[in-house]
Amino acid sequence: MNAAAISMGESPTRRALKRFFRHKLAVFGLVVVIAFVLMALLAPLIAPYDPLQTSWTRIRKPPSAEHWFGTDENGRDVLSRVIWGARASLMAGVISVLGALFIGVPLGLLAGLIGGWVDGLISRVADAMLSVPFLILAIALAAFLGPALENAMLAIAITASPVFVRLTRGMALDAKSTDWVEAARALGNPPWRIGLFHVLPNIIPPLLVQASLAIAEAIIAEASLSFLGLGQQPPAPSWGSMLNSAQRFLTQAPWLSIIPGLAIFVVVLAFNLVGDGLRDALDPRADRK
Amino acid sequence: MLGILDAISFRAEAGKTLAIVGESGCGKSVASLAIMGLLPENAEVSGSARLMGRDLLGMSTEERRALRGAEMAMIFQEPMTSLNPAFTAGEQVAEALRLHQRLDHDAAFKAAVAMLEKVRIPDAARRARQYPHQLSGGMRQRVMIAIALACRPKLLIADEPTTALDVTVQAQILALLDDLKRETGTAVILITHDLGVVADHADDVVVMYAGRVAEQARAADLFARPEHPYTVGLLGAAPAAGVRGERLASIEGTVPDLRAPPPGCRFAPRCPFAVARCAEGAPPLAEVAPGHFSACLRAPLDAMLGVAA
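So the protein sequences, as listed, match chains A and B.
Taking numbering that gives the first Met the number 0, I'd label the letters of the first sequence as residues 0 to 288.
Taking numbering that gives the first Met the number 0, I'd label the letters of the second sequence as residues 0 to 308.
Hints listed in this document are in silico derivations from the structure and should not be mistaken for laboratory results.
We put the beta carbon where it would ideally sit given N, CA and C, even for glycine.
Among these hints, one or two may not hold up.
Example chain A residues on the side facing chain B (calculated, C-beta under 10 Å, incomplete) [as the list claims (entries may be wrong)]:
hint, residue
1, Ala139
2, Arg184
3, Arg192
In isolation and in its complexed conformation, chain B is listed as follows (with noise of 0.2 Å):
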């Protein structure tokens, strides 16, 4: 058994967009996964995990099996091949109504293509009876995102939606999920490993490394004031650099092994501020500023900045 993730918590709002950041194999999306009820069967996940106040852990997988889709529901990092190369776009908008909504055939087509049109996908009608390997990237993306929003969830988890998209098409897809968010109230967790979008597009943002939180602020508080060594160093590696000086260029070694991971802090291995008492316990998450948390036993981080540099 593995430990991937360790004691994290957050909390997602209508109509907000909660950004969860950290690099390749932190756990971003096993902490998804663990949301919407999909981690394998051999997953343990214990704590608590609440959609409006109902238990999500705590039911049946049939209960779980009924709220994705319609009151929870996840778009995927690659539109290439997460739409089923047999139906054609429509129908598979069709299928989250009919699933959900007890729509009938020709009723939930009608209102896919309305779906297709709110996510402006141009001459949807036409556009509804094409199959997944006649559009783009873009348009694919665009499919899942009327797919994910067809039956109005109250959360949406988008999981590194851009990332398998060009740069024209990722700020449009971004564009439309913040809008399509203010319109639904439908909060949403956004997947990701690029703090450009995270400043542009999210309200919170937690910080993880290596499982576990290593920071948690609004959004704009993080990127003013970071309180986390390893989020100066990811801000340091952004090619928007901060403000307040010289900052780390990027982030000495590598992500630990979470078979062994390193005993107490475990970024004290790569962290140029550390000391012996970061090797003796996980460092707590404390609140360094009002709303603003940091996992580091040296927050706030102001003092040594200047000597680091």
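Just chain A, with the same shape it has in the complex (with noise of 0.2 Å):
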């Protein structure tokens, strides 16, 4: 601890956000991500055309300076489709997440601290659905709301939700038997005020990095819905659905496929490094250099 450290209050937050900035590759993803949810929301102001118009005299053309990444086989502008279909990802990816973390942790915090039957039930509940692969658990959830991107979400969202139950369940079991937990009780807390003022503030940072994980997964997932058909719908783009109908032009017009498929990528990697800077900066273990 440097004697900075000690002469100022400062709080753990600003702590790991220094850390985090002092991480290039997480920083790097940040901006990444950064740009895209800029891209998502300015849509109709950068997007050079319409997403949904149709030219029959432009199918399938090769990229040009018009259209920076051709054309696809209803004529429509890949770029503008990417740009907007950034919106159905990006949503995709952090409502499903938000939807995750608000089913999973008030469970977890549930079974942790209750424990008994409460926690047998919600426990059981979750290993049954982390038995299933998690893709095949969401296909079967949208399949069965019907095909549409709030369906995709909240399919997603109930899949991953059983990951948060776990990791608040023991996270929430070692707070349980601390000393400070202890001392809230000793001072007259009533449980629920244990529950959510000191054991969950307390268990926020590995959330926050499992949440930033499980966006990348998410968007992942919500592509592979879309490209199912079990997402976004026809004309509106996605880049799961995009790359659905540029497989069969795989040959012929390989930026169908590339262009999207790269776009994930990116925004998967880019989640990907802001988690790993995150868990690197939040790691308590850091605390003590």
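Assemble the dimeric complex from its two separately framed chains, guided by the hints.
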């Protein structure tokens, strides 16, 4: 610990941020993520063409000055569709992970802090869900709910939640046996306050790391569901559905699959880099150095 | 079901310190957790515990919870881990006030700073904004004391509050507890295994052995005339040895396994004065002098001490 840290009340958050910004790859990932988010938000302003505008005279044209990323089988501008498609992918990633947190964290807290049959029930259901491969479960749920982007997001949220249940439960169990939780009980905190105001703030760091990695996974899941026709519905653009229609023209028009594929690759990589950076920055062991 | 504690009884008086002494595992902490109502749910507590005449064991968990922190408070052995790492010292003192006195955020924080000044934390306003990892062990224990005393409880249980601190800090913390006790009229139960601490800070003493009370007396009487062989042994084992002739330097053997306690007096297997009678039944806690109780069949021990030496 250095002198500066002692003299001012430096919060754990600030120190973690400092460490994060020293991590070059993570900062690079963050910049890429922000760039994609801006692109999605500003899609109407920066997309050169209407992503839905078809044209019979410009079908499957290779990249050119007019259409940087070429045109697709209906003559739509691929660049504009990738820009608009970022909305579906990022929204699916972020919203479904928020949903997974919203489902998983409270259940994990209940399981870890109450224990007994509540823990048994929640943990067994989570185990059962984890025993089915992620994508299979998401596909089954999405198929059950019907093909739509909202349903795909819901399916991904439900499928991703057991990971958060398990993570939260484990950390709540650890926290439960600490002296500071005992002290909080000795102070007369009701159990719900101990869960929300004492345990939860202490387990946010690992949840944050897990969430950033889960966003990457959710984006792939959304792309997969859309590829299978269970996510974003045509003609609305999404990277997954673009890949779906591109597969028929792999040899004739490779840019149709390369461009959305690259977009997915770059965004997922960026979220993973951010997640790794957060994990290093929030590592409690780093505090003692 | 494990019978940890057996027939213990004591009272703590306002503005005074009651020390509970005994070696590790004799049930000191269990007794204090039983009073606070912090034992695990599968623990069975019977008898009565009264705070200002109100029966603690008879009330609902919710009523009991409302008393914790407000009427009775506790400080723990490990100041390094007893504070929540995610909040500043001031926020944690303020929480006690918000919880029990319904102060709003700013008023509670101001009162918390005042409380930190009271436990003599220098530059309290700045310290209040620091996180536990930025405070030393002694400082953290002061914060714990501030939290415990924030709502002016009637009873403060200090479970080995200085064991984890170094000697100079120990003395400061205990002196602080003494001052605050006099100032606020709080009754203090001091749990310790350090007889030096008892001699300097306790008014009354309960000596526990293997879950039972061995001896109970005013501190001065206990040190002048120990009436239980176990107390004699403890005093002999303490660096400041007894005054009357030679004493036992250490106690042979180990604390009995409470899953299979010895019949009769639990200290008998290690007792140099044990006779056959000692194994027959638990010796009752008998008054050997006014206000001085000993659970030993052979008390008063005066006659024997010469023989053993």
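Structure-based check of each hint:
For the restraint placing Ala139(A) at the interface with chain B, the shortest Cβ-Cβ distance is roughly 39 Å, beyond the 10 Å limit, so the hint is violated. Taking 10 Å as the C-beta cut-off, the interface hint given for Arg184(A) holds, the closest approach to chain B being about 6 Å. For Arg192(A), the interface hint holds, the least distance from its beta-carbon to any beta-carbon of chain B being 8 Å, beneath 10 Å.
Figure legend: structure checked against the earlier numbered hints; the only hint not met is number 1.
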